[in-house]
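S.K.: Residue strings, one per chain:
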Amino acid sequence: MTVGLAHYLVLSAILFTLGVFAVLSQKNAIRVLMGIELILNAAALNFAAFSRYAETGLRGQVFSLFIIVLAAAEAAIALAIVLGIYRAFRDIDVDEMDSLRG
Amino acid sequence: VGVPDLVFYALALLGVVSGAIVVFSRNVVRAGFALLFTLFAVGGLYALLAADFLAVTQLLLYVGGILILLLFGAMLTQNAVRVDLRVKGLSTLPSILICLATLALLVAVAASTQWWPAGPKDPAPTTRALGHLFLTEFLLPFEVVSVVLLAALIGAVYLARQEPR
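Residue numbers (my numbering), protein chains in the order written: chain A, 884 to 985; chain B, 8 to 172.
Keep in mind the hints are simulated off the structure, nothing from the lab. Glycine included, C-beta positions come from ideal geometry on N, C-alpha and C. A few of these clues could be false.
[What the hints assert, rightly or not] Once the Cα atoms are required to be at most 20 angstroms apart in a straight line, the calculated SDA-like pairs of lysine to any residue come out as: (1) A:Lys910 with B:Arg37; (2) A:Lys910 with A:Arg970; (3) A:Lys910 with A:Ile922; (4) A:Lys910 with B:Ile105; (5) A:Lys910 with A:Ile964; (6) A:Lys910 with B:Thr99.
[As the list claims (entries may be wrong)] With beta-carbon atoms standing in for the labels, derived distance ranges: (7) B:Asn34 with A:Glu938: 44 to 50 angstroms; (8) A:Ala971 with B:Arg37: 23 to 29 angstroms; (9) B:Leu157 with A:Gly967: 17 to 23 angstroms; (10) A:Leu953 with B:Thr109: 21 to 27 angstroms; (11) A:Val893 with B:Thr134: 25 to 31 angstroms; (12) B:Leu100 with A:Val893: 23 to 29 angstroms; (13) A:Gly940 with B:Arg33: 42 to 48 angstroms; (14) B:Ala27 with A:Gly967: 26 to 32 angstroms; (15) B:Thr99 with A:Val893: 39 to 45 angstroms; (16) B:Ala118 with A:Ile964: 38 to 44 angstroms; (17) B:Pro11 with A:Arg942: 36 to 42 angstroms.
Produce the entire structure from the sequences given, and follow the hints as far as they go.
M.R.: See below:
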């Protein structure tokens with residue numbers, strides 16, 4: 884069966900689901916961030932696939948590039964926050980972070 | 008089944024298997040290295056989709072930048088390595104159900120929708136056209152993103168610096 888748009892959509896649905904599962908079930912903040920990266924990758928892959936198979940020109944790839952850039956900003960900020968939380972709580976378990984002043 | 012299809016299936020297998028390792032592995036550092044392979048597979052799929060600039064950006068930014076940041080984060084927070092994987096059963100089962108429902112919905116939509124019948128266009132270099140789009144149609148988002156990056160840079164440095172005690 885020739886690979887078409889639906890194949891890419893199913894693949895990125897699987898990656899998206901894995902990311903959602905990581906975000907929902909992991910306790911470790913770093914693992915949650917990895918799940919978010921999986922979700923963002925799945926979305927960017929969808930945009931690139933639509934850019935190839937639909938009559939939108941390169942605009943889908945432009946959105947993928949924006950996603951990658953914003954993922955970089957998000958990772959930098961989130962890891963800085965995780966380091967701050969680690970300094971305050973000596974732990975990065977997202978279930979234990981329940982006070983605003985450590 | 009031609010060569011591009013085989014490449015797609017190989018990359019898809021690599022991406023899904025290493026993505027599963029990212030989610031289910033007990034060791035954070037191992038999950039980080041599995042994420043490397045997932046990101047590499049997605050980059051290869053970009054190349055397969057004739058998005059050459061996007062593939063190179065994926066390798067440079069994700070594999071070279073974000074992944075290094077994540078591994079630094081995992082290693083700087085030493086507790087991270089020994090935090091165990093599983094939450095108590097209470098929250099695992101609902102998340103599995105939510106994920107399976109989401110997956111079923113997405114796959115059903117992808118399989119049942121009538122997508123554009125037109126086949127893919129001939130691959131062509133994308134860098135020049137992308138630059139043109141960024142400086143004409145997407146000029147405002149482009150500038151906004153550059154400001155966002157600057158703000159993220161300053162904010163990350165401010166948040167991560169050692170507090171003088």
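S.K.: Look at each hint and say if it fits the structure.
M.R.: Results of checking the hints against the structure:
Pair hint A:Lys910 plus B:Arg37 holds up; C-alpha atoms about 16 angstroms apart against a cutoff of 20 angstroms. The suggested pairing of A:Lys910 with A:Arg970 holds, with an alpha-carbon distance near 17 angstroms, which does not exceed 20 angstroms. Between A:Lys910 and A:Ile922 the alpha-carbon distance is near 17 angstroms, which keeps this suggested pair within the 20 angstroms criterion. About 17 angstroms separates the Cα atoms of A:Lys910 and B:Ile105, which keeps this hinted pair within 20 angstroms; it holds.
For the hint pairing A:Lys910 with A:Ile964, the CA-to-CA distance comes to about 16 angstroms; that is within 20 angstroms, so the pair holds. With a C-alpha separation of about 11 angstroms, the suggested pair A:Lys910 and B:Thr99 falls inside the 20 angstroms cut-off, and the hint holds. At roughly 45 angstroms, the beta-carbon separation of B:Asn34 and A:Glu938 lies within the given 44 to 50 angstroms, and the hint holds. Distance hint check: the CB atoms of A:Ala971 and B:Arg37 are about 27 angstroms apart, consistent with the given range 23 to 29 angstroms.
Between B:Leu157 and A:Gly967 the beta carbon distance is about 20 angstroms. The supplied range of 17 to 23 angstroms therefore holds. Between A:Leu953 and B:Thr109, the C-beta spacing of about 22 angstroms keeps the proposed range 21 to 27 angstroms intact. Take A:Val893 and B:Thr134: their Cβ atoms lie about 29 angstroms apart, and the range 25 to 31 angstroms holds. In this structure, B:Leu100 and A:Val893 meet the distance hint of 23 to 29 angstroms, their C-beta atoms being roughly 25 angstroms apart.
Between A:Gly940 and B:Arg33 the Cβ separation comes to about 45 angstroms, which falls inside the hinted range of 42 to 48 angstroms. In this structure, B:Ala27 and A:Gly967 meet the distance hint of 26 to 32 angstroms, their C-beta atoms being roughly 31 angstroms apart. For the pair B:Thr99 and A:Val893, the beta carbons lie near 25 angstroms from each other, so the given range of 39 to 45 angstroms is not met. Between B:Ala118 and A:Ile964 the beta carbons are some 39 angstroms apart, a value that agrees with the proposed interval 38 to 44 angstroms.
As the Cβ distance of B:Pro11 to A:Arg942 is approximately 23 angstroms, the hint placing it in 36 to 42 angstroms is violated.
Going through the hint list in order, the structure does not satisfy hints 15, 17.
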